[in-house]
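In order, the protein sequences belong to chains A and B. Just so you know, my numbering puts 30 at position 30 of the first sequence, and the rest follows in order with no gaps. Add 257 to a position in the second sequence, counting from 1, and you land on the number used in my numbering.
Simulated from the structure, these hints should not be mistaken for laboratory data. Every residue, glycine too, gets a C-beta built ideally from N, C-alpha and C. Careful: at least some of the hints might be erroneous.
Unchecked claim - Rough simulated footprint, nothing fancy, chain A against chain B, three-plus residues with beta-carbon under 8 Å:
hint: 1; region: 549–557
hint: 2; region: 573–586
hint: 3; region: 643–653
Unchecked claim - Calculated lysine-lysine pairs in the BS3-like style (CA-CA distance at most 30 Å, straight line):
hint: 4; chain 1: B; residue 1: 267; chain 2: B; residue 2: 832
hint: 5; chain 1: B; residue 1: 1090; chain 2: B; residue 2: 730
hint: 6; chain 1: B; residue 1: 1061; chain 2: B; residue 2: 832
hint: 7; chain 1: B; residue 1: 645; chain 2: A; residue 2: 104
hint: 8; chain 1: A; residue 1: 95; chain 2: B; residue 2: 267
hint: 9; chain 1: B; residue 1: 844; chain 2: B; residue 2: 832
hint: 10; chain 1: A; residue 1: 104; chain 2: B; residue 2: 267
hint: 11; chain 1: A; residue 1: 236; chain 2: A; residue 2: 104
hint: 12; chain 1: B; residue 1: 645; chain 2: B; residue 2: 267
hint: 13; chain 1: B; residue 1: 645; chain 2: A; residue 2: 95
hint: 14; chain 1: B; residue 1: 1061; chain 2: B; residue 2: 844
Claimed, not checked - Across the chosen pairs, the derived CB separations fall in these ranges:
hint: 15; chain 1: B; residue 1: 667; chain 2: A; residue 2: 208; range: 53 to 61 Å
hint: 16; chain 1: B; residue 1: 1012; chain 2: A; residue 2: 162; range: 20 to 28 Å
hint: 17; chain 1: B; residue 1: 1014; chain 2: A; residue 2: 116; range: 29 to 37 Å
hint: 18; chain 1: A; residue 1: 145; chain 2: B; residue 2: 617; range: 54 to 62 Å
hint: 19; chain 1: B; residue 1: 1078; chain 2: A; residue 2: 162; range: 40 to 48 Å
hint: 20; chain 1: A; residue 1: 135; chain 2: B; residue 2: 674; range: 51 to 59 Å
hint: 21; chain 1: B; residue 1: 1078; chain 2: A; residue 2: 192; range: 52 to 60 Å
hint: 22; chain 1: A; residue 1: 99; chain 2: B; residue 2: 634; range: 28 to 36 Å
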Amino acid sequence: MSSVPVPPPSAADSSGARRAAAGAVDARKTYGIGDAQVHALDGVTVSFEVGRFSAIMGPSGSGKSTLLHCLAGLDTLTSGATFIGDTYLASLDDKALTELRRTKVGFIFQAFNLIPTLTADENIRLPMMLGGESGDAAWIDQVVATVGLADRLHHRPSELSGGQQQRVAVARALASRPQIIFADEPTGNLDSVTGTEILTFMRNAVSEFDQTIVMVTHDPVAAAYADRVVFVGDGKITGELNDPTVDTIIDRLRNSG
Amino acid sequence: MSAGTLIARKSIRARWGRTLAILFAITASVSFVVGSFVLADSLRATFDNLFKDLNERVELQVRAAQAFDGNDARDPIDVAIADSIRAVDGVAIAEPILQRYAQLVDANGDAITPPGGPTLGVSWEGDDGLQGVTIREGVAPDGPDDVAIDKATADAENLAVGDTVSYLTDVGVFQGTITATVGLGSADSFGGAQLVALDLDTALVRFTTDGRVDAIDIAVADDADLATVQQAVEAVLPPQTEVVTGQEVAEENADDVNQFVDVFGTGLLVFAFITAFVSAFIINNVFQITIGQRLRELALLRAVGASGRQVRRMITFEALGLGVLATVLGIGGGLLVARLLIAAFDAAGAGFPDTTTVLATRTIVVAALVGIGITMASVIVPSRRASKIPPVAAMRPELGFAAMRARRLVAGTVVAVVGVALFLVGLFLRPGGTTGLIGFAGIGAVLLFLGVASLSSTIATPVTRVIGWPVEKLFKVPGALARQNVARSPRRTSSSASALMIGVALVSSTAVFASSLRSSLVDTLESAISADYIITDAGFQGLSPVVSETLAAVPELEAVTPIRGISGQVDGETKNFGAVDPVAFEKLVDPDLIDGTIADLGLDELLLHRDPASDLDVVVGDALDVTFQNGVEQTLTIAGIYGDATFGNWLIGLDTLAGVSTAPARDFFVIAQLADDVDPAVGDAAVEAAMEPFPQANVQTNAEFLDAQEAQINQLLLIITLLLAFAILIAVLGISITLALGVFERTREIGLLRAVGMNRRQTRRSVRWEAVIVSVFGAVVGIVVGTFLGVILSLAVPDDVISKLAFNPGIIVIILIGAVIAGLLAALYPSYKASNMNVLDAIATE
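Kindly produce the complete structure, drawing on both the sequences and the hints.
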């Protein structure tokens, strides 16, 4: 732990800005050895504020997904640190990490978000059930109503459309009221209409329910739903945009391009 | 409900194909185990009841005393003792009983031989007597012209009360009128035996007993006290006789029979456990594969907050559920199997009385241990591996597979070597006697199989490349695909082949053992025994001494000797003594005499094998004190020491036997040699003619005897293969399910191949030959391991029994052909599945 740099993440709000919900300090992730070495992350320092919808953008192989996986505690760094709230992830053992993912983190993946043998309802409640809790029933009902799944709750994933499956995934991510939700190309497999629906839900979750979302995408339209876009290239942060629009994002991509 | 049990339950339901396969494997194993127990328990209960019924009215029995419990029948006692017993106060009935050889003869003069049992001649006093024989029709025989026979034989031979029938005893052929048909309790037959019942006086003459009977059954008067009467009877008995209660007799009789039931039951159980072991392999493999397929699902669980322990518990719950369900099904299946087997025995002429089906608590406990145990044992490694899947594999499955890899080479080698070591220790050092032998060798074999199974993944790729070569040459692209798919995941190939490997190894080790046994027998018969004829007994009762006496009188025969037996104790240890005619024996047998003489073996002299001679530290001329089973003590002087134990370790002359035992002589077999100048055809005719009156004497020439032995050895091999059928069936099912899961995994790839132009037939072919390559691989490894085990087994057996190793290439060819067929069978469903995929859907599968 001696290599972990100060300052502690919660100190980030001393400037009067919002507190950091998650972030990375000089994060490096290297695959392979010698000449074959690939730096997926090459010294990334970044933080994502509480109560905001942030997007991470970059071309394929830029390291954006690796950054998300490491921020979420799904993968480990070669050096540097990542944190969620007040907690450095490297300080946690597998048990504590699991606990953290179950209680403080929500996930939405591009595909294969749901356990195929469980119904939509069971999938939504899964993180709570794994912790032996029943969760906040009123909140879960509200989430289910918001994503419009009330009549599909007892269907299995194979009986749901792709868009419905992603809505179940969003509902699951929200159900345990996590500190932060990580989304990995959540609309990557969806047509544009369904994709818009999902992004609207995510936007509303942040605006109305005060959730925090960090989303990886390569789609400027999706990124434009966010409050802030962080650009990644070759394992490094290459820039950022606040209150982005599709046009400003495309401009930025073209200029850095 | 907790998330773990929920997911486990749902998973069982959602993957029903896999669930069914696992259920079948466990259920079959448990059924086999339960069936073995239930069958043995039921037979035991049946025999207990049978002998209780038989002796129900016998309150006391007087019989010859014996020094120890050996292999011999008790000496007969004087029938006159019955008179002195009848004079005892409180004795109501004293009935002498007698059981000897007798056999019915049909109208053509040919002996009637029952399918499975002995042919018995008994004395019978009718319903007034104490024997459990019950009249079905007619009245008890009374006089030399009367006879009663059992109902089963009467029905089979169309005989009825009033018919005249001929029967054979050791003395000759007699005629009688059937006065009654009889049964035993509810059964028409006496455990498959043919029964000829005569009244006592007739029996005493026709069975040539010199006025002696086997025992005297006693019923006491209603108002008399059993213990008092027993004491009073004891007081009038001559020396060397004893009086025991009917209950003791019933228990002893049942114990004698149940010894065979125990051996039989234990034998079945061994194969039941082999089946369970093979099942464990299959279940393990299926779990392993499905966990690979569920990788993303399990990683997702980890990502959303399931701990590694929860994932492990989930898999374990799944297995537990299946194990419990299969155990319940297996207990039902086992009861069914046992009932069917009993019915089959009955149909084959065993003539069991009403058999109760006994399901002991012990059976249920063992069933649960096997059913749940093998499932849980099979899931230990897969579930641990599942718990190691990192959450990131939900998005990047390739990282998950890396985490599931394990080191097998070192562990496999260590396990296999330890297994061989234990096997050797068990067979050669035998710590703790027979139990130690079976325990060590058994655990050693299990470890060897586990080790080889895990090692075989390292050799799977090169070996299957070789096996696949002709397939590729023959079937071009589908053949090449089959060959590559087998080589693609060597671990999976080896573990699905391993189940078959075990079955094949057991068959081929038995084959090596059997052929070594056979060729050693040939050697012995060719070198040590110069007999031209071997006369064995067809009826399990031993040959009448009249047979050898008759043969000795045939002028064409130069030397004839019977082989009889008696049990005797030397220094408190029971030994089996063989009794022969020494002069003839020397001409017929070369027992590798080391010192002394054979032909001059005299009265109260002994021929001793060199092993006990060196154990006892005795030489020719020394004397040994022997106590025979009937209590007679005799000092025997060693006349010779020999080296070949084909005829046992202890040999005495017939005269010595006659001096120490009055039990009716029965010969195991008789060997005879033609005189030098006699033409074999003439000799055959002479022997045949001499044996005409003895239907139970089975005359074989040297070559015929060898053929018969070989047929028996082959039969043994066949029975063992049949007993392994369940295990082999499960192994084939295992290959099938592995392949089906593999096809499922490769859906997209198969779709692609179909899209670029592979037709259905080619698709089927590639899956089919993949199965054949896998099963042939299993068979090849099995043959190697089995041959190795067979060689060790054969070496462990004393040289007198197996003196040289022999291999049977024919059986190896049969096994390989069987493996190809097994592969083709295993591929039926997976190949159908693969060829019937919708191409577009298949490509769209992720």
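Status of the hints after comparison with the structure:
1. Coverage of the region 549–557 of chain B by chain A holds [criterion: at least 3 residues with CB-CB distance below 8 Å; count 3].
2. For the region 573–586 of chain B, the stated coverage by chain A is not satisfied: 0 residues place a CB nearer than 8 Å to a CB of that chain, which falls below the threshold of 3.
3. Here's how the region 643–653 of chain B fares: 5 of its residues keep a CB closer than 8 Å to some CB of chain A, so the rule of at least three is met and the hint holds.
4. Only pairs whose Cα atoms come within 30 Å are accepted, and residue 267(B) paired with residue 832(B) is rejected, the gap being roughly 64 Å.
5. Proximity of residue 1090(B) to residue 730(B) is assessed by CA-CA distance (about 25 Å); at most 30 Å being required, the pair is judged to hold.
6. Using a Cα cut-off of 30 Å, the hinted pair residue 1061(B) and residue 832(B) holds, with the two alpha carbons roughly 27 Å apart.
7. Our distance criterion of 30 Å between C-alpha atoms is met by residue 645(B) and residue 104(A), whose separation comes to about 22 Å.
8. Restraint check for residue 95(A) and residue 267(B): the C-alpha separation of about 26 Å stays at or below 30 Å, so the hint holds.
9. The hinted pair formed by residue 844(B) and residue 832(B) meets the criterion: a straight-line CA distance of about 25 Å does not exceed 30 Å.
10. Taking the CA atoms of residue 104(A) and residue 267(B), the gap is near 27 Å; set against the 30 Å cutoff, the hint holds.
11. Among the hinted pairs, residue 236(A) with residue 104(A) is consistent with the structure: their alpha-carbon atoms are about 27 Å apart, no more than 30 Å.
12. This hinted pair checks out: residue 645(B) and residue 267(B) have alpha carbons roughly 22 Å apart, not beyond 30 Å.
13. Only pairs whose Cα atoms come within 30 Å are accepted, and residue 645(B) paired with residue 95(A) is accepted, the gap being roughly 12 Å.
14. Restraint check for residue 1061(B) and residue 844(B): the C-alpha separation of about 25 Å stays at or below 30 Å, so the hint holds.
15. Here the CB-CB span from residue 667(B) to residue 208(A) is close to 59 Å, well matched to the stated 53 to 61 Å.
16. Between residue 1012(B) and residue 162(A) the Cβ separation comes to about 23 Å, which falls inside the hinted range of 20 to 28 Å.
17. For the pair residue 1014(B) and residue 116(A), the beta carbons lie near 32 Å from each other, so the given range of 29 to 37 Å is met.
18. Hint check: residue 145(A) to residue 617(B), Cβ distance near 60 Å, so the stated range 54 to 62 Å holds.
19. Checked against the hint of 40 to 48 Å, the pair residue 1078(B) and residue 162(A) passes, with Cβ atoms roughly 46 Å apart.
20. At about 54 Å, the CB distance of residue 135(A) to residue 674(B) agrees with the hint of 51 to 59 Å.
21. The beta-carbon spacing between residue 1078(B) and residue 192(A), approximately 56 Å, falls within the hinted interval of 52 to 60 Å.
22. Checked against the given bound of 28 to 36 Å, the beta carbons of residue 99(A) and residue 634(B), roughly 31 Å apart, stay inside it.
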